[in-house]
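Undergrad: Listed in order, the protein sequences are those of chains A and B.
Take 20 as the starting number for the first sequence in the working numbering and just add one per residue.
Take 6 as the starting number for the second sequence in the working numbering and just add one per residue.
Some clues are possibly wrong.
[Unchecked claim] Below, simulated SDA-like cross-link-like pairs (lysine to any residue); rule was C-alpha separation at most 20 Å, straight line:
no., chain 1, residue 1, chain 2, residue 2
1, B, 322, A, 253
2, B, 36, A, 99
3, B, 301, B, 64
4, A, 785, B, 15
5, B, 143, B, 82
6, B, 322, A, 634
7, A, 785, B, 16
8, B, 206, B, 252
9, A, 75, A, 194
10, B, 322, A, 171
11, A, 785, B, 227
12, B, 322, A, 94
13, B, 36, A, 194
14, B, 322, A, 286
15, B, 36, B, 26
16, B, 322, A, 160
17, B, 143, B, 15
18, B, 322, A, 99
19, B, 36, A, 444
20, A, 474, A, 461
21, B, 332, B, 64
Treat the hints as calculated values from the structure; they're not laboratory data.
The model shown is predicted, which means the values in this text are computed figures rather than measured ones.
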Amino acid sequence: MSKNVASWLIRFRIWVISIIVLITLVLSYSAIQIEVKTVFQDLLPSDHEYVKTHNKFKETFGGSNLVTIMVESGQGDIFQPHVLAAVDQITRGLQKVSAVNPFQIVSLASKKLKEVKASTSGIETKPLMWPDLPETEAELNELREKVLRNSLVYGPYVSGDLTSTLITVDFIDRLLDYETAFNEISSLVNAIDVPNVKVRVVGDPMLYGWVNYYLPETLNLVLMAGLILCLLLFVINRTWRGTILPLISGFVSAIWALGIANLIGINFDPLVIVIAMLITARAVSHSVQIITRFDEEVDKIESGRESVSFAANTTLSQLLRPGMLGIATDACCVAVVALSPIPLLQKLALLAVVWVSTVAISSIILTPVLLSWVKHPRGYAHPINVSWLIHRLLDLCHYLSVSKMRYVMVGWTVIVFFVCGYFALGLKVGDANPGSPILWPDSQYNQDSAAINGKFQGADRMFIVVGGDTPDLAKTPEILQSMQQFQRFMEVQPEVGGTLSISDVLPSVNRTLREGNPRYEELGSSQDINGELLYMFEAGAEPGDMDRFVDTDRGHASVTLFFRDRQGETIRTAVARINEFIDDNPLTNGEYQLAGGLIGVIAAVNEVILSGQLQSIAYALLILVVLCTVVYRSSMAGMFFMVPVVLSNTVTFSFMSYMGIGMNINTVPVAALGIGLGVDYALYIVDRIKQELQNGQDDKIAIELALHSAGKGVVITAFVLIVSVLLVYLSSLKFQAEMGLLVALWLTVSAFTALFVMPAMVYIFKPAFIYGNANLSVPVSNNRGVNDSVPVPNNGNANTSVPVSTNWDANSSMPVSRETAEVIND
Amino acid sequence: MSILNLLTRLCIGITPWFVIACLLYVGLFVKPQPVGSTVIPTAIESRDRFYSLVALDSVLWAVGADGKIVRSEDAGESWHVQSVPVSTHFQDITVWDQNIAVVVGNEGVVLHTSDGGNTWQQSDAPLNDVENKLLDVKAYANGEAWAVGAFGTLLFSRDYGHTWSYAREPADFIINEITKRDDGGLVAVGEFGTILISENKGTNWQSITAPVESSLMTIDFQNAGTGVAAGLEGVLLKTVDGGFSWIRVGNSLAFQKVEANPGIAFSSDWRDVTTEHIFSIVWHEELNRWFGVGTKGLWLEADPTAISWQSGRLAPKDLAWHTSISKIKDGVVLGGKNLGRWSKDHQWLVFQEL
Numbered sequence: 020m021s022k023n024v025a026s027w028l029i030r031f032r033i034w035v036i037s038i039i040v041l042i043t044l045v046l047s048y049s050a051i052q053i054e055v056k057t058v059f060q061d062l063l064p065s066d067h068e069y070v071k072t073h074n075k076f077k078e079t080f081g082g083s084n085l086v087t088i089m090v091e092s093g094q095g096d097i098f099q100p101h102v103l104a105a106v107d108q109i110t111r112g113l114q115k116v117s118a119v120n121p122f123q124i125v126s127l128a129s130k131k132l133k134e135v136k137a138s139t140s141g142i143e144t145k146p147l148m149w150p151d152l153p154e155t156e157a158e159l160n161e162l163r164e165k166v167l168r169n170s171l172v173y174g175p176y177v178s179g180d181l182t183s184t185l186i187t188v189d190f191i192d193r194l195l196d197y198e199t200a201f202n203e204i205s206s207l208v209n210a211i212d213v214p215n216v217k218v219r220v221v222g223d224p225m226l227y228g229w230v231n232y233y234l235p236e237t238l239n240l241v242l243m244a245g246l247i248l249c250l251l252l253f254v255i256n257r258t259w260r261g262t263i264l265p266l267i268s269g270f271v272s273a274i275w276a277l278g279i280a281n282l283i284g285i286n287f288d289p290l291v292i293v294i295a296m297l298i299t300a301r302a303v304s305h306s307v308q309i310i311t312r313f314d315e316e317v318d319k320i321e322s323g324r325e326s327v328s329f330a331a332n333t334t335l336s337q338l339l340r341p342g343m344l345g346i347a348t349d350a351c352c353v354a355v356v357a358l359s360p361i362p363l364l365q366k367l368a369l370l371a372v373v374w375v376s377t378v379a380i381s382s383i384i385l386t387p388v389l390l391s392w393v394k395h396p397r398g399y400a401h402p403i404n405v406s407w408l409i410h411r412l413l414d415l416c417h418y419l420s421v422s423k424m425r426y427v428m429v430g431w432t433v434i435v436f437f438v439c440g441y442f443a444l445g446l447k448v449g450d451a452n453p454g455s456p457i458l459w460p461d462s463q464y465n466q467d468s469a470a471i472n473g474k475f476q477g478a479d480r481m482f483i484v485v486g487g488d489t490p491d492l493a494k495t496p497e498i499l500q501s502m503q504q505f506q507r508f509m510e511v512q513p514e515v516g517g518t519l520s521i522s523d524v525l526p527s528v529n530r531t532l533r534e535g536n537p538r539y540e541e542l543g544s545s546q547d548i549n550g551e552l553l554y555m556f557e558a559g560a561e562p563g564d565m566d567r568f569v570d571t572d573r574g575h576a577s578v579t580l581f582f583r584d585r586q587g588e589t590i591r592t593a594v595a596r597i598n599e600f601i602d603d604n605p606l607t608n609g610e611y612q613l614a615g616g617l618i619g620v621i622a623a624v625n626e627v628i629l630s631g632q633l634q635s636i637a638y639a640l641l642i643l644v645v646l647c648t649v650v651y652r653s654s655m656a657g658m659f660f661m662v663p664v665v666l667s668n669t670v671t672f673s674f675m676s677y678m679g680i681g682m683n684i685n686t687v688p689v690a691a692l693g694i695g696l697g698v699d700y701a702l703y704i705v706d707r708i709k710q711e712l713q714n715g716q717d718d719k720i721a722i723e724l725a726l727h728s729a730g731k732g733v734v735i736t737a738f739v740l741i742v743s744v745l746l747v748y749l750s751s752l753k754f755q756a757e758m759g760l761l762v763a764l765w766l767t768v769s770a771f772t773a774l775f776v777m778p779a780m781v782y783i784f785k786p787a788f789i790y791g792n793a794n795l796s797v798p799v800s801n802n803r804g805v806n807d808s809v810p811v812p813n814n815g816n817a818n819t820s821v822p823v824s825t826n827w828d829a830n831s832s833m834p835v836s837r838e839t840a841e842v843i844n845d
Numbered sequence: 006m007s008i009l010n011l012l013t014r015l016c017i018g019i020t021p022w023f024v025i026a027c028l029l030y031v032g033l034f035v036k037p038q039p040v041g042s043t044v045i046p047t048a049i050e051s052r053d054r055f056y057s058l059v060a061l062d063s064v065l066w067a068v069g070a071d072g073k074i075v076r077s078e079d080a081g082e083s084w085h086v087q088s089v090p091v092s093t094h095f096q097d098i099t100v101w102d103q104n105i106a107v108v109v110g111n112e113g114v115v116l117h118t119s120d121g122g123n124t125w126q127q128s129d130a131p132l133n134d135v136e137n138k139l140l141d142v143k144a145y146a147n148g149e150a151w152a153v154g155a156f157g158t159l160l161f162s163r164d165y166g167h168t169w170s171y172a173r174e175p176a177d178f179i180i181n182e183i184t185k186r187d188d189g190g191l192v193a194v195g196e197f198g199t200i201l202i203s204e205n206k207g208t209n210w211q212s213i214t215a216p217v218e219s220s221l222m223t224i225d226f227q228n229a230g231t232g233v234a235a236g237l238e239g240v241l242l243k244t245v246d247g248g249f250s251w252i253r254v255g256n257s258l259a260f261q262k263v264e265a266n267p268g269i270a271f272s273s274d275w276r277d278v279t280t281e282h283i284f285s286i287v288w289h290e291e292l293n294r295w296f297g298v299g300t301k302g303l304w305l306e307a308d309p310t311a312i313s314w315q316s317g318r319l320a321p322k323d324l325a326w327h328t329s330i331s332k333i334k335d336g337v338v339l340g341g342k343n344l345g346r347w348s349k350d351h352q353w354l355v356f357q358e359l
């Protein structure tokens with residue numbers, strides 16, 4: 020069948036190319052319009068209980084896009100006119116930032132922070148520093164006193180040493196655009212040019228803003244990687260076709276994929292650029308396989324009678340099966356990622372499936388069809404010849420595969436698997452270190468984050484909702500007291516810097532009402548008294564003032580937990596403690612609901628990604644095994660091709676664990692999509708061994724031939740791609756750098772397995788699906804002697820046939836053969 | 006041979022499915038577990054409010070909000086929490102010795118112990134229908150104890166606080182503190198400048214008109230005649246006749262804000278008395294001084310005449326309020342938003358700095 024398809028494609032090559040060019044042109048118009056941005060909602064598993072709570076209450080109790088700005092005084096405390104003016108300037112400026120929720124700007128200079136005072140006329144609530152800034156020494160001292168005695172301000176908004184103060188601002192999620200917010204806040208902050216005043220900013224909009232900020236740099240790196248790829252291909256392949264065709268195929272598949280993605284409304288997340296590189300790597304690698312095989316076919320044809328279209332035809336028909344099988348397994352393995360509950364992963368899986376599938380057209384079909392036009396198939400574009408180096412390496416592979424060393428190779432693989440498997444168990448779910456793993460530890464953002472978390476209770480928040488749908492339930496003593504106990508319980512965890520709820524506010528109001536007597540700093544004993552205290556606090560309040568604490572019908576109240584870091588373990592411990600408290604202290608009316616805010620949704624993501632990842636691996640393996648079993652009609656084949664996949668996943672996991680890269684919402688796409696990618700190296704080599712055996716070759720020679728043709732393609736692509744992917748390590752985004760490293764590792768492991776381990780396994784186990792139904796123990800007529808020479812394709816070497824057997828171990832090589840009894844006939 | 010071969014092939018055939026099944030099982034049913042051992046809360050937490058602290062040699066004993074009782078055997082170096090049968094706010098503790106003590110608090114709760122607080126039992130105390138918040142308790146020789154609180158509550162006990170009876174009908178004002186003069190007379194102070202005196206061990210009570218109408222929070226006597234009462238907004242009263250007549254000391258003029266360096270008094274001028282609330286006043290015989298505390302880290306001191314008072318802030322940024330003073334050899338220990346030692350040479354040390 021392959022032959023028919025191949026010859027048909029070559030016969031109508033003009034049409035084939037025209038159609039591909041036309042589609043590429045149309046899709047490139049669509050591709051350039053694709054939106055490059057991170058959509059926050061996509062990161063959240065929307066069916067998760069925490070995310071539901073978050074979405075239900077984020078408008079009142081605060082979303083996950085809180086930006087925290089710290090104004091720090093370099094000399095003396097913040098109670099100096101120039102420092103307070105800076106706070107005021109930022110606070111006012113924030114109101115003009117797009118998508119800001121104007122009721123959620125909290126700072127000393129806003130109306131939100133106020134003092135509750137008892138006076139002759141009753142209770143009076145007055146903003147601390149709004150609308151006028153203090154100027155005289157006495158006014159400044161008065162403000163300092165007010166701050167010091169207000170536990171809602173001193174601690175949460177002014178640091179213990181009085182040298183810094185916070186401004187927090189929340190956004191309306193659906194209007195928020197990270198890039199705009201980042202630019203507007205940055206320019207607002209940069210406009211503060213006051214000596215001895217330092218301004219630091221953290222928050223997710225800023226974090227993803229930095230990612231966008233480095234987008235041009237990332238694109239430059241990708242471009243550079245492309246250039247290096249080009250250069251290396253040119254040097255190694257020595258032909259223009261070997262340089263340009265892989266690029267064309269990578270380029271065409273990228274355009275098709277991005278174009279289709281844009282048409283079905285998928286945006287491109289800048290954080291997953293590495294994935295794009297990984298898939299393009301597949302396209303290049305398939306293409307190089309085809310070119311290598313083509314060169315080999317051209318070499319086989321007698322000099323002077325070359326028929327490029329015949330060679331192209333043979334190449335296409337011979338590589339259609341392993342190529343398509345490789346692409347099919349890649350696509351299916353990537354497709355299972357769509358089972359993940361995280362929309363980002365679903366979209367990515369869709370994008371990746373489309374992308375991988377386009378490789379079938381751009382590499383497997385386009386490349387050989389273009390090759391059929393080659394004019395001077397035997398010419399070289401430059402005199403530098405490095406093929407002897409590759410040749411040596413492949414000789415080594417061959418030696419290791421068929422000598423006694425093969426047992427060592429397989430043994431080592433098993434040891435590496437178990438050792439890495441052991442280390443992989445140390446993989447952390449969630450962020451593994453304090454600070455954002457997206458940026459380098461010494462980046463501005465991470466330094467700001469460390470400074471803020473050092474001075475304050477913690478910049479990252481989680482809110483827990485307490486209460487029920489009954490109005491005024493949040494005023495009942497049971498709920499309020501339970502919240503107090505809960506806060507006390509949670510604050511024991513060192514990473515929880517503090518907690519805040521309405522039950523912190525009411526006792527102070529009560530105390531104020533009772534002549535400031537601290538013995539009355541307690542909650543009211545009944546719902547009515549608490550209602551009155553709440554009313555007192557609200558008196559003179561503005562819309563939104565109470566939002567931090569209770570919802571409008573007073574049925575639900577929030578407890579906000581401030582976290583000093585967002586490491587996976589911190590969050591997991593906190594969630595476990597929350598559940599412990601809820602189990603030990605059941606409420607008769609109302610309930611606790613987990614968990615909103617940034618930490619709440621991160622908790623949700625962390626809870627689903629590990630199990631999701633393991634399930635994805637399982638399903639991917641299942642699909643791989645089934646596909647291989649069907650194609651080769653042997654369950655042994657499934658077993659065989661599982662090896663590179665399992666090995667590359669294990670090594671990658673252990674590497675992540677070793678490097679302290681946590682499994683989080685940013686790394687999981689790479690880890691998940693990498694699962695299935697990488698089996699195609701092994702497929703090309705093993706399929707070639709099978710073909711040569713079918714052609715009647717001895718198995719040692721079959722392995723040698725396979726390694727020197729398909730293996731050569733593997734060496735070239737692996738080397739070229741690893742070098743170019745490693746370039747990404749220079750990125751200013753730690754995340755990109757690490758993912759580049761991860762992809763390089765992935766390619767290395769799958770290339771290594773394909774070159775060293777798979778042939779050794781073939782030679783040791785002699786599986787029937789490769790060897791056919793031959794009776795292995797009986798030497799048959801077309802048995803070759805040990806000293807026979809066979810032609811070995813050796814592109815670039817004038818002598819196309821070399822003695823192969825020179826370094827064979829004569830004793831170990833049992834002359835073997837098999838009847839060319841069919842296995843799969845085309 | 007062929008059986009072995011078959012088995013091997015079978016094993017190899019099964020392996021992929023087995024691996025997949027294992028991965029699926031782990032993926033579906035195994036969740037990452039929280040790591041790290043259980044976090045044990047420290048005895049003194051940032052949320053604590055200790056309304057009372059007593060010292061007996063090296064034993065320190067404090068009670069506070071949310072049913073918390075902590076005790077230190079080593080003068081405040083280390084603390085442990087004692088378990089109690091209730092979780093109401095405790096307002097005061099008093100001791101006869103290191104083992105016998107009584108605690109009073111909200112909702113009329115009275116607890117007693119005779120084993121140093123290893124076990125606490127609820128005492129039998131009468132309750133009124135309005136408000137039963139007990140604010141102060143004092144222990145005297147032979148198991149005698151007096152407790153006062155909201156709604157005019159005045160209780161006494163003769164059996165180390167096990168059973169209690171009313172010494173006076175409840176009335177609609179708060180009594181904040183009671184004390185016994187050297188000659189056995191009882192004096193209590195409270196809301197609206199209330200001063201009550203009993204010269205017959207609590208059988209009859211006489212109401213005295215105070216020179217102020219604001220709440221008096223605290224009272225103590227130096228001897229049978231000389232005593233000081235203090236209250237809101239820096240009110241300080243002095244008596245020399247056992248409490249029957251009072252004069253104001255200091256004055257009500259505001260002075261510049263309390264902003265001293267730790268331990269350095271503003272001035273020794275008598276006018277420099279604070280307008281902050283004063284919550285506790287104690288006479289220290291050994292050091293021959295009056296000590297006082299209140300809101301915003303306030304400290305007060307006066308010589309035996311109780312006329313010239315000094316004041317300041319315990320530490321520059323320590324704005325914690327304190328409601329209790331207990332005497333130790335070279336100073337006092339204070340209970341309140343934090344617990345600490347204030348030495349006679351004006352050094353402030355917070356126990357278990359948070």
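Undergrad: Next step is simple, just say for each hint if it's right about the structure.
TA: Here's how the hints hold up against the structure:
Note on residue 322 (chain B) and residue 253 (chain A): the hinted pairing is violated, with a Cα-Cα distance of about 71 Å set against a maximum of 20 Å. Annotation: proposed proximity of residue 36 (chain B) to residue 99 (chain A) is violated, straight-line Cα distance about 52 Å (limit 20 Å). As the CA atoms of residue 301 (chain B) and residue 64 (chain B) are separated by approximately 27 Å, the hinted pair breaks the 20 Å bound. Taken as a hint, the residue 785 (chain A) and residue 15 (chain B) pair is honoured in the structure, with Cα atoms around 15 Å apart against an allowance of 20 Å.
The suggested pairing of residue 143 (chain B) with residue 82 (chain B) is violated, with an alpha-carbon distance near 26 Å, which exceeds 20 Å. Of the pairs offered as hints, the one joining residue 322 (chain B) and residue 634 (chain A) is violated, with about 55 Å between alpha carbons and a cut-off of 20 Å exceeded. Between residue 785 (chain A) and residue 16 (chain B) the alpha-carbon distance is near 16 Å, which keeps this suggested pair within the 20 Å criterion. Taken as a hint, the residue 206 (chain B) and residue 252 (chain B) pair is broken in the structure, with Cα atoms around 25 Å apart against an allowance of 20 Å.
Straight-line distance between C-alpha atoms of residue 75 (chain A) and residue 194 (chain A) comes to about 17 Å, which keeps the hinted pair within the 20 Å bound. Proposed proximity of residue 322 (chain B) and residue 171 (chain A) is supported: the alpha carbons are some 16 Å apart, at most 20 Å. A distance of roughly 104 Å separates the Cα atoms of residue 785 (chain A) and residue 227 (chain B); the hinted pair therefore is violated under the 20 Å criterion. Among the hinted pairs, residue 322 (chain B) with residue 94 (chain A) is consistent with the structure: their alpha-carbon atoms are about 17 Å apart, no more than 20 Å.
Taking the CA atoms of residue 36 (chain B) and residue 194 (chain A), the gap is about 35 Å. The hint is violated against a cut of 20 Å. Distance check on the hinted pair: residue 322 (chain B) and residue 286 (chain A) sit about 52 Å apart at the alpha-carbon level, beyond 20 Å; violated. For the given pair, residue 36 (chain B) sits about 17 Å from residue 26 (chain B) by alpha-carbon distance, which is consistent with the 20 Å threshold. Our distance criterion of 20 Å between C-alpha atoms is met by residue 322 (chain B) and residue 160 (chain A), whose separation comes to about 13 Å.
For the hint pairing residue 143 (chain B) with residue 15 (chain B), the CA-to-CA distance comes to about 86 Å; that exceeds 20 Å, so the pair is violated. Proximity of residue 322 (chain B) to residue 99 (chain A) is assessed by CA-CA distance (about 17 Å); at most 20 Å being required, the pair is judged to hold. With a CA separation close to 13 Å, the supplied pair residue 36 (chain B) and residue 444 (chain A) stays within the 20 Å bound. A threshold of 20 Å between alpha carbons decides the hint, and for residue 474 (chain A) with residue 461 (chain A) the separation of about 18 Å falls inside it, so the pair holds.
A distance of roughly 12 Å separates the Cα atoms of residue 332 (chain B) and residue 64 (chain B); the hinted pair therefore holds under the 20 Å criterion.
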